Amino acid sequence: MIYFKKILCPIDYSDCSMNALGYAVKMAIKDSARLYLMYVECVFDYGGLKFGYEGILDPDTVVKMKKKLMDSVPEDVREYISIETLIAIGIPADEIIKVARRKRIDVIVMGTHGRAGISHMVIGSVTEKVIRASPCPVLCIKDN
1 MIYFKKILCP IDYSDCSMNA LGYAVKMAIK DSARLYLMYV ECVFDYGGLK FGYEGILDPD
61 TVVKMKKKLM DSVPEDVREY ISIETLIAIG IPADEIIKVA RRKRIDVIVM GTHGRAGISH
121 MVIGSVTEKV IRASPCPVLC IKDN
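Per the working numbering, the sequence shown starts with residue 1, numbered consecutively.
I should point out that these hints are in silico values taken from the structure, not numbers from a laboratory. Computed from a predicted model, the values in this text were never measured in an experiment. Wrong hints could be hidden among the right ones.
Pairs of lysine-lysine residues, derived as DSSO-like cross-links and limited to a Cα-Cα distance of at most 27 Å, are as follows [claimed, not checked]: (1) K67 to K142; (2) K98 to K26; (3) K30 to K142; (4) K68 to K5; (5) K129 to K68; (6) K129 to K6; (7) K66 to K129; (8) K26 to K67; (9) K103 to K68; (10) K66 to K6; (11) K6 to K67; (12) K6 to K64; (13) K68 to K142; (14) K26 to K68; (15) K5 to K103; (16) K5 to K67; (17) K129 to K142; (18) K68 to K98; (19) K6 to K142; (20) K142 to K103; (21) K26 to K142; (22) K103 to K30; (23) K103 to K6; (24) K103 to K26; (25) K98 to K30; (26) K5 to K26; (27) K30 to K68; (28) K6 to K68; (29) K5 to K129; (30) K66 to K103; (31) K67 to K30.
Construct all of the structure, not just a fragment, from the sequences and the given hints.
Structure (structure tokens):
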């Protein structure tokens with residue numbers, strides 16, 4: 001039997017990522033694992049040109065973003081698992097991979113598509129990049 005002690009769940013608040021969160025929470029409860037919830041403030045890279053937010057988030061904004069992440073997990077469930085919230089600024093796939101390496105994550109649980117998901121694609125571009133570069137297994141969850 002495989003047990004995961006560190007689970008990373010990147011969230012962009014899309015239906016798909018929230019469905020993945022449900023799976024990640026169940027896995028964390030089952031394995032008594034630490035759950036890392038992550039949100040990435042997107043910076044898009046188009047041929048070397050970066051677009052989007054490129055700055056330092058003020059501390060109040062970070063606190064609000066972390067609270068929103070924590071509030072994504074039902075309050076009655078939070079007492080059963082250890083949760084750490086993480087906020088990053090950058091290219092989502094790159095930031096997810098950095099955290100997976102730095103925290104020595106055992107598994108990444110993420111949605112197949114995010115907010116910008118194109119429904120006719122099998123998986124979204126962020127998910128595909130994470131799968132290709134991840135130092136650990138990636139569990140991809142559909143939105144329904």
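Right, here's what the structure says about each hint:
1. K67 to K142: 25 Å, holds
2. K98 to K26: 24 Å, holds
3. K30 to K142: 21 Å, holds
4. K68 to K5: 23 Å, holds
5. K129 to K68: Distance ~26 Å between K129 and K68 Cα, so the pair holds.
6. K129 to K6: 21 Å, holds
7. K66 to K129: Satisfied, since the Cα-Cα distance of roughly 25 Å is no more than 27 Å.
8. K26 to K67: OK: K26 and K67 at ~20 Å, within 27 Å.
9. K103 to K68: 21 Å, holds
10. K66 to K6: 18 Å, holds
11. K6 to K67: Holds, because 20 Å separates the two Cα atoms, which is no more than 27 Å.
12. K6 to K64: 24 Å, holds
13. K68 to K142: Satisfied, since the Cα-Cα distance of roughly 22 Å is no more than 27 Å.
14. K26 to K68: With Cα atoms ~19 Å apart, K26 and K68 stay inside 27 Å; holds.
15. K5 to K103: 11 Å, holds
16. K5 to K67: 23 Å, holds
17. K129 to K142: Judged against 27 Å, a Cα distance of about 17 Å means the pair holds.
18. K68 to K98: Roughly 22 Å between the alpha carbons, so the hint for K68 and K98 holds.
19. K6 to K142: Status holds; Cα separation ~21 Å.
20. K142 to K103: 25 Å, holds
21. K26 to K142: 16 Å, holds
22. K103 to K30: The given pair, whose Cα atoms are some 20 Å apart, holds under the 27 Å limit.
23. K103 to K6: 8 Å, holds
24. K103 to K26: 20 Å, holds
25. K98 to K30: 26 Å, holds
26. K5 to K26: Satisfied, since the Cα-Cα distance of roughly 13 Å is no more than 27 Å.
27. K30 to K68: Status holds; Cα separation ~24 Å.
28. K6 to K68: 21 Å, holds
29. K5 to K129: This hinted pair holds, its Cα atoms lying about 23 Å apart.
30. K66 to K103: 18 Å, holds
31. K67 to K30: 24 Å, holds
Against the hints set out earlier in the document, no violation occurs for any number.
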